[in-house]
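Visitor: Residue strings, one per chain:
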Amino acid sequence: MPPLAPAGPRTFTRRTLLAVSAAGFAVAVAGCTSSSSADERDAVTSEQADELAAQVTVQSALVAAYDLAFTADPALAAAAADLATQAAEQLERLRAAAPGDHPAGEPSGPPPAVGAQGWLRAQVAVAATSHASACLDQAGGRAALLGSIAAGLRGHEARLA
Amino acid sequence: MADDTADVPADDAALNAALAAEHAAIWGYGVVGAALGAGQAAVLAAEIAHRDVRDRVTTLLADRGTEPVPPEGGYALPFPVLSAVDAAALAVVLEEGVSAAWVRVLDRTAERSTRELAAEVLGAAEVRAVGWRAAAAQNPTTRAFPGL
Numbered sequence: 001m002p003p004l005a006p007a008g009p010r011t012f013t014r015r016t017l018l019a020v021s022a023a024g025f026a027v028a029v030a031g032c033t034s035s036s037s038a039d040e041r042d043a044v045t046s047e048q049a050d051e052l053a054a055q056v057t058v059q060s061a062l063v064a065a066y067d068l069a070f071t072a073d074p075a076l077a078a079a080a081a082d083l084a085t086q087a088a089e090q091l092e093r094l095r096a097a098a099p100g101d102h103p104a105g106e107p108s109g110p111p112p113a114v115g116a117q118g119w120l121r122a123q124v125a126v127a128a129t130s131h132a133s134a135c136l137d138q139a140g141g142r143a144a145l146l147g148s149i150a151a152g153l154r155g156h157e158a159r160l161a
Numbered sequence: 001m002a003d004d005t006a007d008v009p010a011d012d013a014a015l016n017a018a019l020a021a022e023h024a025a026i027w028g029y030g031v032v033g034a035a036l037g038a039g040q041a042a043v044l045a046a047e048i049a050h051r052d053v054r055d056r057v058t059t060l061l062a063d064r065g066t067e068p069v070p071p072e073g074g075y076a077l078p079f080p081v082l083s084a085v086d087a088a089a090l091a092v093v094l095e096e097g098v099s100a101a102w103v104r105v106l107d108r109t110a111e112r113s114t115r116e117l118a119a120e121v122l123g124a125a126e127v128r129a130v131g132w133r134a135a136a137a138q139n140p141t142t143r144a145f146p147g148l
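One line per chain: the protein sequences are A and B, in this order.
So in full-length UniProt numbering, spot 46 of the first sequence is number 46, and the numbers just go up one at a time.
So in full-length UniProt numbering, spot 82 of the second sequence is number 82, and the numbers just go up one at a time.
I should point out that these hints are in silico values taken from the structure, not numbers from a laboratory.
Quick caveat, the model's predicted, so the values are computed rather than measured.
One or more of the hints may lead you astray.
As the list claims (entries may be wrong) - Derived, one-sided and incomplete: chain B residues facing chain A with beta-carbon distance under 7 angstroms: (1) 123; (2) 137; (3) 143; (4) 144.
The C-beta atom is built at its ideal place from N, Cα and C for all residues, glycine as well.
Only chain A is shown next, with the shape it has when bound in the complex:
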């Protein structure tokens, strides 16, 4: 009998990510498969590179939002510290995928004195929607990364509900 969790997806390789060469953007394939079709999927246009860089700014705004919300609500900080850690990990991965200088993102306004959790949840939703939307115009490992991060943030939304 086949296993319940198919083996295929478990072998998904994290090829990806972009690196900037001296000549511009180039694809750094760090995984196993190396076919021409895989190369085509990971080829990046300047428009896609710009969009990916914009998502770094979106994510940095989210990381800042976690900081602001935690400052406003220490109890929230204690309860949701793992979410902030994951948001920072996501930012790190996005920066690795789109190296270079990116403007720091800022959340929309400070959190309210009461209701920081709801405010933070709204910031998470904005970032998740932005990453999911950006994912549609990417390809290969970049689309996979953005889609995965967007899904992870949907999970954050659920936790913060």
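Start from chain A and add chain B according to the hints.
Guide: Relative to the frame of chain A, chain B by itself:
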């Protein structure tokens, strides 16, 4: 914008793998439901969601002239399901298996409409997984990179 005509075989293979994961999830939720007892809203909702995705992918593949994979006759459980916690842990396995398959679709597909479907399914699977991880007393309940 990606070329919507490129790489169709890899695209379809990934979709069929996702369909296989959906078949497995539907079967697995039968086990989860049996362990938790009848009328579990979360189980019913998850099963309905996976059946809906299964039907959409089956139609999508058929429209492309690709044979959709059928469900297996049976599946091997990753561990015995003897309690409510086991059942929740199994649901986590199911949702994470689905997520991994759909991330692979994102990696492989050349079509924007397929990426839309994948992104939608991934988000829903992770939200369900968060609930099941909590029920299974797993910590943390969230993942930074579901499916990767």
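Visitor: Output the numbers, in ascending order, of every earlier hint that fails for this structure.
Guide: 2
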